[in-house]
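Trainee: So you can see what is in the structure, the chains are spelled out below.
2 protein chains.
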Amino acid sequence: MATCDGSEARAALERSVLRRVPPLLTDLYQFTMAYAYWRAGRHNEPAVFELFFRDNPFGGGFSLFAGLSDCLLFLQNFAFSDDDVEYLRSVLPAGTDAAFFSYLKELDCSAVSVSAVPEGSVVFARVPLLEVCGPLAVVQLLETSLLCLVNYASLVCSNAARFRLAAGPRRRLMEMGLRRAQGPDGGLTASRYTYIGGFDLTSNALAGRLFGIPVAGTMAHSYVTSFSSLEEVWPQTLVPCGGGGPIDFICLVKGWLGRVCQLLGSKTSLVREGELAAFLSYAIAYPQNFLPVIDSYSVSCSGLLCFCAVALALCELQYQPLGVRLDSGDLCRQSLEVRRVFKECNKQFSVPQFESLIIVGTNSISEQSLAELNKKENEIDVVGVGTHLVTCTRQPSLGCVYKLIEVRGRPRMKMSEDPEKSTLPGRKSVYRLLDTDGRPQMDLICLSEEAAPKAGVSLTCFPLGLTKTLQTVTPAQVTSLRLDVFTCGQMLTDGLECCGLL
Amino acid sequence: MATCDGSEARAALERSVLRRVPPLLTDLYQFTMAYAYWRAGRHNEPAVFELFFRDNPFGGGFSLFAGLSDCLLFLQNFAFSDDDVEYLRSVLPAGTDAAFFSYLKELDCSAVSVSAVPEGSVVFARVPLLEVCGPLAVVQLLETSLLCLVNYASLVCSNAARFRLAAGPRRRLMEMGLRRAQGPDGGLTASRYTYIGGFDLTSNALAGRLFGIPVAGTMAHSYVTSFSSLEEVWPQTLVPCGGGGPIDFICLVKGWLGRVCQLLGSKTSLVREGELAAFLSYAIAYPQNFLPVIDSYSVSCSGLLCFCAVALALCELQYQPLGVRLDSGDLCRQSLEVRRVFKECNKQFSVPQFESLIIVGTNSISEQSLAELNKKENEIDVVGVGTHLVTCTRQPSLGCVYKLIEVRGRPRMKMSEDPEKSTLPGRKSVYRLLDTDGRPQMDLICLSEEAAPKAGVSLTCFPLGLTKTLQTVTPAQVTSLRLDVFTCGQMLTDGLECCGLL
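First to last, the sequence lines map onto chains A and B. FYI, UniProt numbering numbers position 483 of the first sequence as 483, with every residue one higher than the one before it. FYI, UniProt numbering numbers position 64 of the second sequence as 64, with every residue one higher than the one before it.
Honestly, the hints are just simulated from the structure, not real lab data. Possibly wrong hints are sitting among the right ones.
In this list, chains with the same sequence are indistinguishable; a pair is considered to hold if it fits within one copy or across any two.
Computed cross-link-like contacts, SDA-like style, restricted to lysine to any residue with a CA-CA straight-line distance of at most 25 Å [unchecked claim]: (1) 375 with 460; (2) 254 with 264; (3) 421 with 84; (4) 421 with 373; (5) 421 with 332; (6) 454 with 90; (7) 421 with 382; (8) 375 with 349; (9) 105 with 377; (10) 343 with 73; (11) 454 with 270; (12) 421 with 366; (13) 421 with 372; (14) 254 with 362; (15) 254 with 39.
Make a model of the complete structure from these sequences and hints.
Mentor: Put into structure tokens, the structure is as follows:
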């Protein structure tokens, strides 16, 4: 997927500016801790943190891991400005040694290394997705920003994958949640990672420009209701697709409207003149992109009739109308009615173009309503999803955590008053074991000093959390789930290779 | 609230850069509609949209309106870059007239006027909060961005107000949701608007720098678990607050630990040496900012004992320890136990400083758990809230809409297949009527051509949605709810005056 020619470098620049995460965007306690490490002379001790989540989201069995490319960009640009440091001087407790601020000014991630699961991978609870090694104070300071970049990206990506599964492989899915996201950047993040999670399209134009995601959309109700009479239609003519002189399009459409109303037994007097004017005007502007929203007043009494009249006129001039959008009421029932009318029009007026018209449905679609929609008879080809997708209504946070597992080569562990909050100490390798058909059997977490499992050799392991239940497995293939992605301040990948995005 | 001296102008600049919303961050259909308006010569027709929400969030009776200052910044900077326009050229349907792209390049908000409810106001469902007037194509293009800027800001601000009400006026509230927000900007927005909604503190350092919000925080579990032995403590001495020679602080604390364990009948052998080392080290670094998290292993067997030992040693050197943080388990029960121990220490060791120690509770606090916490006996002084605050778990979107109400002086209306989605046509004035005690009686929506209500004069009106129920009211005072905030491309206010924020 590429942005328009010639502007790719500028899009990359704008991406990096718009998505720049200042290192001060973190919790204040990272600085008080960093100071305490520094004061004790421990700031450069080699330390390792790992990032994981404790439960798969949405009560499901998996998650997708996302946000890596943003993390790598953050690490590469990690540096405090003089203003940042002056601000910290003003809010850290009195008595903070001035030399600490000089130390902060020099900090970067040149001594930090990261291994990570590739962007967009299917992952499971409690598996370390990101391992961050480096000087204790530096890797401590990274905590909040990394969590912030991974948590929502992974959550919304996983949510998108669930919508994809609920929709089935055939139906196209469009993300349109910008107006309900957590502000501008939340919206951009949602567009980017729902595409990785399996959506086909976005309404978000900036996401299209910056990330090369296919964009779509035609009109809102406000466009329709802005018209009140046919006098507002201008120009009133349309040149046929194959060429020739301009045709009086209003006159042509009026003729078709009469025939459609007769065919369907509808009253032309109930047809909203403003709606007809809006459709006419849009079709004259974009004869090859005619896909109106048809529920501004009444689908059956006005919107559908106006659509058919304009679409039949377009067909007469050899244009291909695209379809309709339904945005309220019972989408399944209406889609059946709309499809029936399309077929009847083709039967009566011989317009085979009407067989390929698409029906778009958009009305507070949730994963559950999408699954229910699949159980009912319906004719919806494209589903647009906003609120429930981007806000992840069923579970609006993933809950990734970033835990210290090793300092100076010694494993570290947290116990906590809640047993499930205890951590697994020590550095770990994670292997994905595959069977002879290449299907995943399990993800195996080992201490990194343990030997890697071998293909064809059986091994015995404990399912996580069940220390008394042994399981034996013989993998046909063994892959390492995490890859080195950042070493000595440099990105080894942009994190997005695996999913074909920029 | 002011940021640190001298850097305020730079903070303002950074705010505007970080929070810049490119006008391309909108739905593609705004452009196809703008083109159809332009093609029909209607793009400069005077039009009016209004922004409102249909239901109060969280099943409650009110909302706070927020996001205005971001909207004004957006309007003032509204302009498409050449790259934006080139991108649109590549994605809009073939046949789009080239002159339209020249038109887009010239667009700004110099002909747009906005009236709005002040930032942070208490508002109600279906009341027009923002009225946007200007050329039809321009005010259409603004839709998605304005909704994106108002929706989450108002939602999270309202959520904060509900936490404030649940917490009662005495308890202090700290926002700490950055890691669970929808990415960096979502986190910054949450910090900003939860402060307006009634929170006292944030953990978000950047929000502190950019918006002057008081910041707080001391340590995480990783800091505690990074220590394993007293050998890691350095320096090992502390100079008394009042001056004098350095005291062997480890030795002093060890003495106090023995006395505390004896007092409480605890075993020193169960005390985690690493936890004691972590607290010691932090106290030496920040003797006036000692507020450790005490549940990294076990509050009663280790964390609380370590705290008391270090805090008693600090008191002996005339420092004032601050308190403790509890982050897991039953917060109420633990807070009672902690307070009891503090009182016992004071009784036994005569440390009146222990009477003013604070207890901070942070463990997946929701509005409901906060309300329940209030019903139980507890000793929690400060509550830190993250996930449930910033993701607004109970209702993660507000659902503001932006509807066309007038074109060329003629009222416009949408009917829809869902009756509750119908709009109220025409421009409106909104008045807040107050009684003789200055308490709000009702918000009155009138057509703008209707005469304003007068103080002392009774009036009759219909409660919204109930066209057959008349209500009579005599206001003692009448105020206009919306103010002019943007005229001819210029902000008349920065939107934040009312709440004392930058």
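Trainee: Each hint needs a verdict: does it hold in this structure or not?
Mentor: Comparing the hints with the structure gives:
| no. | hint | verdict |
| --- | --- | --- |
| 1 | 375 with 460 | neither (42 Å within a copy, 50 Å between copies) |
| 2 | 254 with 264 | within (15 Å within a copy, 92 Å between copies) |
| 3 | 421 with 84 | neither (33 Å within a copy, 47 Å between copies) |
| 4 | 421 with 373 | between (39 Å within a copy, 22 Å between copies) |
| 5 | 421 with 332 | between (45 Å within a copy, 19 Å between copies) |
| 6 | 454 with 90 | neither (56 Å within a copy, 51 Å between copies) |
| 7 | 421 with 382 | between (42 Å within a copy, 22 Å between copies) |
| 8 | 375 with 349 | neither (33 Å within a copy, 72 Å between copies) |
| 9 | 105 with 377 | neither (63 Å within a copy, 47 Å between copies) |
| 10 | 343 with 73 | neither (52 Å within a copy, 50 Å between copies) |
| 11 | 454 with 270 | neither (74 Å within a copy, 42 Å between copies) |
| 12 | 421 with 366 | between (31 Å within a copy, 19 Å between copies) |
| 13 | 421 with 372 | between (36 Å within a copy, 23 Å between copies) |
| 14 | 254 with 362 | neither (29 Å within a copy, 67 Å between copies) |
| 15 | 254 with 39 | between (83 Å within a copy, 21 Å between copies) |
Taken one by one, the earlier hints fail for this structure at numbers 1, 3, 6, 8, 9, 10, 11, 14, listed in ascending order.
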